[in-house]
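S.K.: The primary structure of each chain is shown beneath.
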Amino acid sequence: METMNAEIFTLTYGSMVRQLLVDTEDVEEVNKQLDKMGYNIGVRLIDEFLAKSKINKCVDFRDSAEKLAKVGFKMFLNTTASVTSWNAEGTECSLILEDNPMTDFVELPEGCSRKLRYCNLLCGVIRGALRMVNLNVSCNFVQDVLWDDPVSELRLKLISTGAENYPFKDDD
Amino acid sequence: MSLARLNIVDRPLPKGKSEVSLSAFAFLFSELVQYCLANVKSTGELESRLESVGVGVGLRLLELLCQRERASKRDIRLLDALKFVSTTLWKYLFGHQARDLEHSTTAPDEYMINDYDLFVNKYISLPKDYASLNCAAFVAGIVRGALDGAGFPSRVTAHFVPVQGQAKPKTVILVKFDASVMKREERLPS
Amino acid sequence: MGVFTIYFFDREGTCLFYHEWSRPKPVKLGAGTPGDDQKMLFGLFFQLKVFAAAMDPKGKPNAQLGAPTRIGESCSFHSFTTDLYKLHFAESPSGLKIVLTTDPTVGDMRESMAYIYSYIYVECVVKNPMYSPGQPFRFETFTTQLNDFIQSLGLLQ
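Protein chains in written order, with the numbering used here: chain X, 24 to 195; chain F, 5 to 194; chain L, 31 to 187.
FYI, nobody ran anything at the bench for these hints, they're computed from the structure. Think of the CB as a built atom: it goes at the ideal place given N, C-alpha and C, for glycine as much as any other residue. One or more hints might be untrue.
[Stated by the list, open to error] Listed below are the simulated EDC-like cross-link pairs for lysine to aspartate or glutamate, each with C-alpha atoms no more than 20 Å apart in a straight line:
# : chain 1 : residue 1 : chain 2 : residue 2
1 : F       : 126       : X       : 25
2 : X       : 80        : L       : 42
3 : X       : 77        : L       : 141
4 : F       : 126       : L       : 138
5 : X       : 80        : L       : 40
6 : X       : 192       : L       : 67
[Stated by the list, open to error] Among chain F residues calculated to face chain L with C-beta under 8 Å, some are:
#  : residue
7  : 27
8  : 30
9  : 31
10 : 33
11 : 37
12 : 128
13 : 129
14 : 130
15 : 134
16 : 139
Construct the entire structure; sequences and hints are all you get.
M.R.: Given below as structure tokens:
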């Protein structure tokens, strides 16, 4: 795939987060907005992911989480995540990001630590992309290097898997 | 102690060699455009919002590139600052120097940076309602941020200009320097 | 002539894009309105898919007749032919559906439709900043590239 200097991406993302902070003046609102924007990105990005990876089905949560971490992160951010800490039922896991280009140059201002989920966009992207393949998940940061945690960890929970239903009501 | 625990100013500056896919940027940029679109009434307003996000990038890029490539030397002459933008900064952003840098023949305070195929316009195809939109407004913002940071406040806009015999129009980044910059420049020996 | 029409639907049943190269019997003499035409077509392939899967002699046992299946999980049809036209159907795991109608003599279009999805739809629509997901789109680059591609297959006169 065609690539570009990661710093331009990083700085653009940073400038966007700053713009959101200016626009909304509320950290919690920014978290929500980032998640929403990420969701919209995920909804689009899944098509490129499927087209380029030639993956023609994603039905199993465990398998999809692995592909997301190994193929997805590699394809778009040129990094990988590891999938760990599965629960017994196989419905929850953690993604550990060892190297996330989005956090280069970033230091959260005092008062934002543990509040601003700077990379919340990623949670939205994952939620949106998986939603499109009928996996409804929740995704949240539980550790963040920007909060001085040793790693960044995203917790992924499977809420439901749905078949695709007929979108129209009969006779309407 | 892991690097992450060090204060950001104590960490080494990244080398700047890592890459992400152009798609990742395209998706981020698309969503930025969509976010801006939701809150504006006109193409002009949309462009100015994109520009303001670009300014934040430009300011930081100036610092980064000065640190990394120029041992913190700062340009004090207008033409040097512009050349820095159209060569060093351009190469960093787009992988090549700008096609050319032109001085307006009618307005002494106006300069034009001309180029084709900027990646912000790579995937765009405009619907009729936004036929005149130029996403290079974001690049104009980067240029304004970089010039501003170097002490050359200006107004920067992006325009499509059709070129005879070419299917694609060129993008012109028009820089109009602040009156204070022009006055200072006049006082400096030529 | 080889090709008649193309439709793109998203998973919610919204017709994102429709184009006709040739349609001797116009929509108003068929379903009536474009909206009804699109909905009928959606119903046609959706139900066909469901029944095709239910009648699968090789698939999972105990599949409930008529129960919707998940994309990639079960069998799906990729075309049907009548004496007057052929309908080609392709679907991505993300739920994008492409329907192409052609002359009945046209061969297997699966690879061509995969190309349309991977290289034309993804590049010209998905990555276009002006596209809002779930909304019908009409972008010049997309239409041009689609047309050029169909032409390159020799399906246009």
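S.K.: Each hint needs a verdict: does it hold in this structure or not?
M.R.: The hints, checked one at a time:
no. : hint            : result
1   : 126(F) x 25(X)  : 12 Å, holds
2   : 80(X) x 42(L)   : 19 Å, holds
3   : 77(X) x 141(L)  : 12 Å, holds
4   : 126(F) x 138(L) : 33 Å, violated
5   : 80(X) x 40(L)   : 17 Å, holds
6   : 192(X) x 67(L)  : 16 Å, holds
7   : 27              : 7 Å, holds
8   : 30              : 5 Å, holds
9   : 31              : 7 Å, holds
10  : 33              : 6 Å, holds
11  : 37              : 4 Å, holds
12  : 128             : 6 Å, holds
13  : 129             : 4 Å, holds
14  : 130             : 6 Å, holds
15  : 134             : 7 Å, holds
16  : 139             : 6 Å, holds
Checked against the numbered hints given earlier, the structure breaks only hint 4 and satisfies all the rest.
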